[in-house]
Amino acid sequence: MLNIGGLHQGVVIDHIKPGQGMQIYEYLELGKLDCCVAIIKNASSNKMGRKDIIKIEGPIQVNLDTLAVLDPDITLNIIENDVIVEKRTVRLPEEVTNILRCKNPRCITSIEQELPHRFRLTNKEKRIYRCVYCEQKYKETNI
Amino acid sequence: MKHLISPMDLTPEELSELLSLAQDIMKDPERYRHVCDGKKLATCFYEPSTRTRLSFEAAMLNLGGSVLGFQSADSSSAAKGESVSDTIQIISYYADICAMRHPKEGAPFVASKHARIPVINAGDGGHNHPTQTLTDLLTILELKGRLDNMTIGLCGDLKFGRTVHSLINAMVRYPGIRFVLISPEELRIPAYLKEEVLDEMGIPYKEVRSLDEVMPELDILYMTRVQRERFFNEEDYIRLKNSFILTPEKMKLAKEDMFVLHPLPRVNEISVEVDNDPRAAYFRQAGFGVYARMALIILMLGLKDRIPQA
Ligand SMILES: [Zn+2]
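As you go down the protein sequences, you meet chains A and B in turn.
Mapping the first sequence onto this note's numbering, position 71 (from 1) lands on 71, and the numbers just tick up by one.
Mapping the second sequence onto this note's numbering, position 216 (from 1) lands on 216, and the numbers just tick up by one.
A few of these clues could be false.
[As the list claims (entries may be wrong)] Derived contacts from chain A toward chain B, CB cut-off under 10 Å, selection only: (1) CYS35; (2) VAL37; (3) THR75; (4) CYS107; (5) ILE111; (6) LEU121; (7) ASN123; (8) LYS137.
Simulated from the structure, these hints should not be mistaken for laboratory data.
What you are looking at is a predicted structure, and each value in this text was computed from that prediction instead of being measured.
We put the beta carbon where it would ideally sit given N, CA and C, even for glycine.
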C-alpha cells in the first residue's frame, strides 16, 4: 500500500468510505489550497476492507469536525514535526451552517436564497439533524 | 416571552399564566378595554387566512389597540421579491407587535431573528400554528375545568394535521393524559411522534379505524378534516370517509360531558345536525381563540401592569 507517512506538518483524513474521497476533497474545497494534497483511493484497511485517505500538507482552516455530518467513521491524524500529535474520530457538531441543504420544498430556504442553511443536532445517538427553520429531519444520502 | 414561534416556546409556567389571564379576561372583558391603548398590531399575512386574521384583529381591537396589515402575497412587497427579514425590519417601525402568516415553514422564525418587536407565528405552512394550540388548550380548560387526567380522541387526518401534532405535544405535559387516535391507515400519526413523544414519555394511546367503537371512552373529541387529495384513489376515500364523520347517532354513544372540538373550517366531517348538541363546542372554541390571543398580546407587549384592579 501507498505510504502515508512523510508529512512534516498537516492532517491525514483517514477511514473515508471508499469512493467518497473525491467528494470530501470537493466539499473541503481542497482544490483551492496551494499546499500539497494527496488523495489515496481504495487503500486496504483492516477495519473496513477498503478506504480512501486524504493527506493535506500544512495548516488547514476548515473545521474538520463538520466531516462527521457526512461520514461519522472518518478519523483525523494531526501531524506536527513529523509525529502524529493527535489521532481521533470526528465529533458531530451541535450546529452546521451551509453544509447540509434543506430539501423541504415548503421551507423558507426554498424561496429565500440568501438564507444560510442551518441544521441543529437534535439526537446525538441517532445522528439526527433538523433544519432550524422548518425542523425537517435531514435525510442523508449523499453530501 | 419575546416571540411565539412554536407552541413549545412557552414554558408550562408561562402557559398557565397565559391561560389564567385569558380566563380572567373572559370573566370581565370590560376591564381590559384599554390595556392596549395606543398600541398597534401588524397582521402580515403572506397567504389569506381570514378567520385567523380576524381573530387577531378582534383581540387587539378588544384591548383598545389598533391594527394594520396585509393579506395574501401579491398585495405585499413579497411579490416584488422583498425578503421576510427586510419586511419585518420595516414593520418594526410601523407597529408594536406582529402576527405573521406565511406559506413557507420557518418564515416567522426568520422574521423573529430580525425583528425589534415581538413576532407571533400565525401559521407557517404545515409546520406550526401556536395560537391554535393556545385556543385548543383554553377551550379544553374552560369546558372541562382541567387539562390533566382525560382521554382525548383525535380523529381524521393525523398524518398531516399540524394542529393535532401540536396538541399532542402540548397535552403530554399534563399528568393522566391518554390518547385515542382515530384515522384511516393512510393518515395515522407520524412514526416520530409515536417514538419520540408518546413512547418516549410512556403516554398511553391506541390507534383505531372508526369512531363508533371508542366514542364512550372519550372526554374530548378533536375532529379534523380528511382531505380527498390525501387518498390514493377515490374508492378508498368514499369507502373510508364515513367512518370519520361525526353524526348525531355517534354522539349518542358519547358521555354527557364529552366535548367536540374542531380547528375549523369544517367541510363535512361533522354533520350539521351535530351543531345543536350542547357538546358541540367548535364555534365556542373559535370565540375562545380571541381571548387566548388577547392574553398573548398583553403578555408579549408586557402590559400586565396596565390592567385595572378588579
Ligand atoms: Zn428547512
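Tell me if A/VAL37 is really an interface residue toward chain B, meaning its C-beta lies closer than 10 Å to one of theirs. 37 Å, violated
Does the nearest C-beta of chain B fall within a distance shorter than 10 Å of the C-beta of A/ASN123? 8 Å, holds
When the nearest CB of chain B is found for A/CYS35, is that gap smaller than 10 Å? 37 Å, violated
A closest beta-carbon separation below 10 Å is what the hint needs, so does A/LYS137 meet it against chain B? Holds - the Cβ of A/LYS137 comes within 10 Å of chain B, reaching about 8 Å at its closest.
Against chain B, run the beta carbon of A/ILE111 and see if the smallest gap drops under 10 Å. Since the shortest Cβ distance to chain B is 6 Å, the answer is holds.
Against chain B, with CB atoms and a cut of 10 Å, does the hint on A/THR75 hold up? 31 Å, violated
Going by Cβ atoms only, is A/LEU121 closer than 10 Å to chain B? 15 Å, violated
Using the nearest Cβ pair, does A/CYS107 come within less than 10 Å of chain B? Since chain B brings a Cβ to about 5 Å from A/CYS107, closer than 10 Å, the hint holds.
This entry does not satisfy hints 1, 2, 3 and 6, going by the numbered hints stated previously.
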